[in-house]
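**Student:** Sequence:
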Amino acid sequence: MFKLFSKRKITPRDFLNDTNPTNPNPVLECSNWFAFRLYWRYVIPFQWALFVGILCIFIGSGIDAYLISYIKKIVDNGSGILNSSILLGFAYLLVIFMGLRAVMQFISQYFFAWAQAKLSVSLSEKVFAHISRMPQSFFDINGHGRIISKIQYEVSVMLGAISNSLLTISRDGSTVIAFLVVMFYTNWVLSSVIFLMLPVIYLVLKLVSSSVKKITQGQMQSTEIQTKLLNEMIHGHSVVNLYNAQDFEHQRFYEQVETIRKRSQKGVTITNLGHTVVQFVASLLLVLVIILAAYATDLDLPPITPGDFIVIFSAMFGLLKPVRNLTNVYTGFVQSLTAGKSIMGLLALDTEEDKGTLTSQEVDFNQDIKYEDVGFAYPTRPDEPILENFNLTIEAGKTYAFVGKSGGGKSTIVSLLTRTYDVNKGQITIDGHDIRDIKLEELRNNIGVVSQNVHLFDDTIYNNIVYCDGDKYSPEEVERAANLAYVTNFTKDFPEGLQTRIGSAGARLSGGQRQRVAIARALLRNKPILILDEATSALDNESEFFIQKSLEELQKGRTVLTIAHRLSTIENSDQIFVIIGGEIVEQGKHEDLVKNVNGEYYKLYTRDFKEQSN
Numbered sequence: 001m002f003k004l005f006s007k008r009k010i011t012p013r014d015f016l017n018d019t020n021p022t023n024p025n026p027v028l029e030c031s032n033w034f035a036f037r038l039y040w041r042y043v044i045p046f047q048w049a050l051f052v053g054i055l056c057i058f059i060g061s062g063i064d065a066y067l068i069s070y071i072k073k074i075v076d077n078g079s080g081i082l083n084s085s086i087l088l089g090f091a092y093l094l095v096i097f098m099g100l101r102a103v104m105q106f107i108s109q110y111f112f113a114w115a116q117a118k119l120s121v122s123l124s125e126k127v128f129a130h131i132s133r134m135p136q137s138f139f140d141i142n143g144h145g146r147i148i149s150k151i152q153y154e155v156s157v158m159l160g161a162i163s164n165s166l167l168t169i170s171r172d173g174s175t176v177i178a179f180l181v182v183m184f185y186t187n188w189v190l191s192s193v194i195f196l197m198l199p200v201i202y203l204v205l206k207l208v209s210s211s212v213k214k215i216t217q218g219q220m221q222s223t224e225i226q227t228k229l230l231n232e233m234i235h236g237h238s239v240v241n242l243y244n245a246q247d248f249e250h251q252r253f254y255e256q257v258e259t260i261r262k263r264s265q266k267g268v269t270i271t272n273l274g275h276t277v278v279q280f281v282a283s284l285l286l287v288l289v290i291i292l293a294a295y296a297t298d299l300d301l302p303p304i305t306p307g308d309f310i311v312i313f314s315a316m317f318g319l320l321k322p323v324r325n326l327t328n329v330y331t332g333f334v335q336s337l338t339a340g341k342s343i344m345g346l347l348a349l350d351t352e353e354d355k356g357t358l359t360s361q362e363v364d365f366n367q368d369i370k371y372e373d374v375g376f377a378y379p380t381r382p383d384e385p386i387l388e389n390f391n392l393t394i395e396a397g398k399t400y401a402f403v404g405k406s407g408g409g410k411s412t413i414v415s416l417l418t419r420t421y422d423v424n425k426g427q428i429t430i431d432g433h434d435i436r437d438i439k440l441e442e443l444r445n446n447i448g449v450v451s452q453n454v455h456l457f458d459d460t461i462y463n464n465i466v467y468c469d470g471d472k473y474s475p476e477e478v479e480r481a482a483n484l485a486y487v488t489n490f491t492k493d494f495p496e497g498l499q500t501r502i503g504s505a506g507a508r509l510s511g512g513q514r515q516r517v518a519i520a521r522a523l524l525r526n527k528p529i530l531i532l533d534e535a536t537s538a539l540d541n542e543s544e545f546f547i548q549k550s551l552e553e554l555q556k557g558r559t560v561l562t563i564a565h566r567l568s569t570i571e572n573s574d575q576i577f578v579i580i581g582g583e584i585v586e587q588g589k590h591e592d593l594v595k596n597v598n599g600e601y602y603k604l605y606t607r608d609f610k611e612q613s614n
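Counting in UniProt numbering, the sequence shown runs from 1 upward without gaps.
This list has only true hints and no planted wrong ones.
Label pairs and their in silico Cβ distance ranges:
#1 184 / 100: 21 to 27 Å
#2 273 / 469: 57 to 63 Å
#3 549 / 469: 23 to 29 Å
#4 503 / 375: 39 to 45 Å
#5 469 / 556: 17 to 23 Å
#6 89 / 257: 57 to 63 Å
#7 87 / 257: 53 to 59 Å
#8 475 / 373: 43 to 49 Å
Cross-link-like lysine-lysine pairs, in silico, BS3-like; alpha carbons within 25 Å at most:
#9 492 / 549
#10 228 / 126
#11 370 / 425
#12 527 / 472
#13 266 / 214
#14 266 / 321
#15 439 / 370
#16 556 / 370
#17 527 / 370
#18 355 / 439
#19 589 / 398
#20 527 / 398
#21 126 / 439
#22 355 / 126
#23 472 / 556
#24 370 / 405
#25 398 / 549
#26 370 / 589
If you are wondering where the hints come from, they were derived from the structure by calculation, not from laboratory data.
From the three backbone atoms N, C-alpha and C, an ideal C-beta is built for every residue, glycine too.
Please build the complete structure, drawing on both the sequences and the hints.
**Tutor:** In C-alpha cells:
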C-alpha cells in the first residue's frame, strides 16, 4: 500500500491492481483519505473560490457567536432590570450584523455554486475524454448502461456529496468552533459537558458509514442496470413493439427503480436513526447543564451568573442542528468517496496505447501491407485464438476480398490493420514499418472504413459527411463526394438538401441512404487504404445498385480490403481469400476459384447464387 507521507505524487494507478481496460470492476482499493487526496487535485484550480466562500462563512459564524455572547451583557448589567441603552445598542448591532451576515451568506453560496459548476464541467469532461480514448476491449467488457452511468450518475453523486460536504463542514464547523469559544470563555466547567457527546458521535459515524457504503455501491449497480434497460428500450423500440414486450420491459425497469428506492430508503432510515441518537444525547446534555447550574454551589463550582447560564444554554441549543448536520455530512462524504473510487478507478485504466512516432512523411501508405506470423485472441476470450501464425501480403493499389463463414476471422484481419485491436504475436507492416511504430492518428487518417453498421449522428447530412473535419473541405468538395456516392439522388427530394437533419442514428434515412452517406464520407477523405466490411449486405436491389456504383468509384487508385457476404460484389477483385478458422484455405481470382467444384469458394458461391435466385 502506498505510504501516506511519500514524497512521490500519488496517482489512481497506485491503488488499482489491474489497469487493463478489460478490468470489469475498476474500483480503487484505498482509504477514504487517499481517495479524497486524489479527488482534491481536481478542486485545486477552483480552491480560491472555496477559500472566499469559507472565509465569508467564518465571518457569519463569528457574528452569530458574538450576538449570543452579547446576551450576557444585557442580563448581567448589575441593576437587576433590563437597561434600555444596552438594549438599543443591541438593536443597532443586530441590524448591522444581520445585514453583514446576509451579504456574507450570499457571497459564500455564490462562490460555492460557481466552484461546484466548474468542477462538474471539469470532471465530466475528464471522464468523457478518458472514455473516448479507451480501446475497443473496454467497450466489449462494459455495456452502454455502465458507461453512461459513470458520466451521469456517479460523477453527479461524487460532486454533489463532496460539494455539500465542504459547504456543511465550513458552515456548521465554523458555527461549532465559534460557539465553543464563546461557551468556554463564559464558563468552562459547564461547557466541558459538551465533550461527553464525542464518543456517541464516533460510534454513530462508524455504524452508519459502513452501511451507507454498501447501500451506495448497490445503488450504483442498480443505476447501471436501469440506464442499460432504458438505453436498450430506446434503441430497440421497434423490436419491443413487434413482440408486444412493453409490459415486459416496463416490469424490468420498475424492478430496478424499486430496488433503488428501497436502498435509498434504507440509507435514509439508517442516517435518520443516527441523527435521532445524537439529538437525544444532546438533549440529555442540556438537562445535565441545567442540573449542574442548579447545584453549582453544592458542588463547589465557580459561580454561574444568569447571563452565563443563558449564553451557555443558548449556545448548546444552537449547536444541536450544526452537530446533527456534521454527523450527516460524513454519510454524504462516504457516498461521494464510494462513487469517487469508482470514477478514479476508471481514470486509472490504460487508454489506447500509442507509442508510435512515424508520420506520413516517413511512411508511404501506398505501399504493400504484410501480416507476418500474426497471432491474436480477443481480450474477452484470451484462451480462444482467432489467428495463429497468420501470414498475408497485400500489394498496393489492388483489390482484395475476404469470404467465409461467420466467425472465421475475416473482420478480425481488418480490425488489426486499423489497430482497433493490437496483435498478440507477430506484426503487421505498411511500407516495411510495424503499424505500432506509426502514430495512431496518422495510421487511421490513411485508412477509410465503410461498414455494414453505419453510424450517423443526429445532425445534417452535410455535417455527417464532413464529420469532425468541417474546416478541411470546401462545400464544392462535399458536393462532389455526395454526387459520386449518389447521395444527391435522394437529397434532391428534400427541401433542405444536404442540410436536412436526419435524426438519431440517421433514423429518417433508409438503410441504403445511410450507406451512401457513409461512402460519401470516405470518398471525401480520399484515403489510400480502404476497408469495406459487408458494405452491401442486407440491402435491397435498388440500393445495392447505387451502392455498388459508389463503391466502384471509391475503389479507384487505392488498396482495397473487402469483406463480402454477397459474392457477386467481389467478382472483379484482384485476389479473393477464403478464410476458415483463421486460416486461408483458398485464394485466387473469381474465375479460377469457381472452377474448383470441390472447393470452399465454389460451395459459398453456389449457395449465394441460390439465395439471390430465391
